Amino acid sequence: MSSARSAHILHLGVLGLLFAAFFLLPAYHQGNLARILVLAVYAMGYNLLFGYTGLLSLGHAVFFAAGMYGLGLAMHLGGATPAPAFLAGMIAALLVAGVIGSLALRTVGVAFMIVTLMFAQAGYLTILYFGTYTRGDEGFVIPQTARALWGFDLTDPTNRYFAALILFAVVLLFIGWLVNTSFGRSLIAIRENEERARMLGYDVQRAKWIAVTLSGLLSGMSGAAYALLFGYAGATFASVQYSILPLLWVLLGGAGTTIGPLVGTIFMFYLIDFASEVTSAYMLVAGVAFVLLTLFAPTGIAGELRRRALPWLP
Amino acid sequence: MAAVMLLEAAGLSKSFGGLDAVCAVDFKLPQGQIRALIGPNGAGKSTFVGMLCGRIPASKGEISFEGQRITGWPAHRRIRLGMAYTFQITSVFGALSLFENVALAARRAHGGKAAKVDGITKEVLERVGLADRLQQQARDLSYGHQRLLEIAMGLAQTPRLFILDEPTQGLAENEVESFKTLIRTLGQDTTVLLIEHNMDVVMETADYITVLDQGRTLAEGPPEAIRQNDAVQAAYLGTG
Numbered sequence: 001m002s003s004a005r006s007a008h009i010l011h012l013g014v015l016g017l018l019f020a021a022f023f024l025l026p027a028y029h030q031g032n033l034a035r036i037l038v039l040a041v042y043a044m045g046y047n048l049l050f051g052y053t054g055l056l057s058l059g060h061a062v063f064f065a066a067g068m069y070g071l072g073l074a075m076h077l078g079g080a081t082p083a084p085a086f087l088a089g090m091i092a093a094l095l096v097a098g099v100i101g102s103l104a105l106r107t108v109g110v111a112f113m114i115v116t117l118m119f120a121q122a123g124y125l126t127i128l129y130f131g132t133y134t135r136g137d138e139g140f141v142i143p144q145t146a147r148a149l150w151g152f153d154l155t156d157p158t159n160r161y162f163a164a165l166i167l168f169a170v171v172l173l174f175i176g177w178l179v180n181t182s183f184g185r186s187l188i189a190i191r192e193n194e195e196r197a198r199m200l201g202y203d204v205q206r207a208k209w210i211a212v213t214l215s216g217l218l219s220g221m222s223g224a225a226y227a228l229l230f231g232y233a234g235a236t237f238a239s240v241q242y243s244i245l246p247l248l249w250v251l252l253g254g255a256g257t258t259i260g261p262l263v264g265t266i267f268m269f270y271l272i273d274f275a276s277e278v279t280s281a282y283m284l285v286a287g288v289a290f291v292l293l294t295l296f297a298p299t300g301i302a303g304e305l306r307r308r309a310l311p312w313l314p
Numbered sequence: 001m002a003a004v005m006l007l008e009a010a011g012l013s014k015s016f017g018g019l020d021a022v023c024a025v026d027f028k029l030p031q032g033q034i035r036a037l038i039g040p041n042g043a044g045k046s047t048f049v050g051m052l053c054g055r056i057p058a059s060k061g062e063i064s065f066e067g068q069r070i071t072g073w074p075a076h077r078r079i080r081l082g083m084a085y086t087f088q089i090t091s092v093f094g095a096l097s098l099f100e101n102v103a104l105a106a107r108r109a110h111g112g113k114a115a116k117v118d119g120i121t122k123e124v125l126e127r128v129g130l131a132d133r134l135q136q137q138a139r140d141l142s143y144g145h146q147r148l149l150e151i152a153m154g155l156a157q158t159p160r161l162f163i164l165d166e167p168t169q170g171l172a173e174n175e176v177e178s179f180k181t182l183i184r185t186l187g188q189d190t191t192v193l194l195i196e197h198n199m200d201v202v203m204e205t206a207d208y209i210t211v212l213d214q215g216r217t218l219a220e221g222p223p224e225a226i227r228q229n230d231a232v233q234a235a236y237l238g239t240g
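Chains A and B, in that order, give the protein sequences.
Residue 1 is where the first sequence starts when you use this note's numbering, and the numbers rise one by one after that.
Residue 1 is where the second sequence starts when you use this note's numbering, and the numbers rise one by one after that.
Hints listed in this document are in silico derivations from the structure and should not be mistaken for laboratory results.
Predicted model, so just to flag it, every value in this text is computed and none were measured.
Just so you know, even glycine gets a beta-carbon here, dropped at the ideal spot from N, CA and C.
Some hints here could point you the wrong way.
To be verified - Partial selection, computed: residues in chain B whose CB lies under 7 Å from chain A:
#1 H76
#2 G112
#3 L134
Given only the sequences and the hints, what does the whole structure look like? Please build it.
What follows is the structure, given as C-alpha cells:
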C-alpha cells in the first residue's frame, strides 16, 4: 500500500473517531472537543508554515484575530448573517496575511520571527485603539439569535460540534492533499535546504509567500469559527499568548505531520484542564511537560510515532 | 567555425569592497562543449560561475543564454532556462530519500505528472549507479555518493548547460576515475562547464580550457595548448 493511501486512510480514520466521539463522550468533553477542533485548525494553519515550510512565525495571533474580527465586526456592526460574515473573516485574514507576508519575508531567520511578532503587536494595539468598535479587551458577544447558519442554531451543542468537525475535516483533508502536491513538496524542500531548492529552479520567495498567506487564511478561518461557535470576540485573542499557543501545540504534537496539530492541541488542552483542577500553578505543569517532551521526544508525539513505528506518517 | 553560443558573458566583473574578484571577463561557451575553468586558488572561478547562474549579482557586464539577455535575472529563472548547478560543497536534501531528492528536480523541470517524474527519477539514479537505494535518506550516503546524487539531480532536469563546481573535490582515487567517465558521458548530450582543481580530470575530459588568474582570463585553448602555455605554467602550475 502506498504511503499516500495509508495517509488518506489515517485521516479518514481520525475523522471517523471524532465523529463517534460525539456519541460516546459526556457533554462536558463534547464541548471541549468542539473547542479543540476549532483550535486545531489554527494549529494546522500554523503547521503549514512552521512544520512544512520551516518558517517560525511569532505573530500568528494577528491572522487568527483578523478572521475573528472580520466575522465579528461584520455581524456586530454590519448585521451580516454568519455565511457572508465568515467569508468576510476569510478575506480579512487573506489580506492581512498577504500584506504581512510580503513585508516580513524580506527578512529571514530570527529577524523574521521578530518582524512577525511586531506585526502581531501592531495588530493587537490597533484593535485596542479602535476600542469604540472592537470593544478592546472587554470584547463583544455575538448574540445567540444571530448565530444560526442555514437554519442550524450554532449555539446548540450538537450543531456546534458538527460544525467544528466539518471545518476541521475540510482543513485536514486539504492539508493532507496539499503536502502531497508538487507545491507541498517544494515547501518541504525549502524547509530542508532553501539554497538547493532555489538552485533547482524553484521560486523560493513566491512559495514562501503563498505558504504565509495560506497559513494566515487557515488561522483566520479558525478565528472566525471560534467567534461564531462560541459567540465572543476580544482583543485577548490577538495578544502574544495566542501567537505562542499554536507553536506549542505544533511542537508537542509533531511539526510537519498532518495529525500532529490535533494531537498537540488535545494534549495541551487536557493537560491544562487536569492541572488546573489540581493546582493554580497549572502553567508550571504545562511547562514541565513541555520541557520533558522537548528532551525525550523533540519531534513531538506524532513525529516520534513516525520515527519509531510509522515511517509513512504524512 | 560558426558554433552556436549557448552562453556568453561580456565584461563580467565583481568587486567585493575594494577587491576585484573578477575583472572584465569575456567568455563564450559553444553548444555541446565540455569546458573546464581552471585557475589557482582565489582566481575568481567560483565567483565567476556564481554570477553566471545568478547566485552572486554581477557588479558590471552582461550575460546571455542562447542569445537571451539574462543579466540581473534571479537564479531560479536562469535554472528554468536550462541550467543545472552542483555546489562546490555538496548540497542535497539530507532528510529526504534519494528518490525524493531527484524527484524534486525532475518535477520542477518536467511538470508534476507522477508517472513521468517516477520514470525520469529512476532512470537517472540508475545512470549514476544509485538505483538500489531509492528509499535511503540522502544524509546516510557517503560523501562520494552524495556527489553522485547531486549529479543525478542535475541530470533529472535534462539541462542544456550543466555547471559542476569542483565535482571531484574530496573524492577517493577510484571514485575520481568513475567520475571522469561520467563527465565524458554527460558531454555527449549536454554542454558542461566544469570548475576543477584536479588537472588529470581536466586534461582527460575537457574539450577546451579557460584559465583564470587574479580575476582575469589568462589563457584559453584546447588542453594541449594550455599545457604548453608559458604564462599558465608560471601562474598556475608553479614552474615559473
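Outcome of the hint check:
A least Cβ separation of about 5 Å between B/H76 and chain A falls short of the 7 Å threshold, and the interface hint therefore holds. Taken as an interface hint, B/G112 checks out: its beta carbon lies about 4 Å from the nearest beta carbon of chain A, inside 7 Å. Here the hint on B/L134 is broken, as its CB sits about 13 Å from the closest CB of chain A, past 7 Å.
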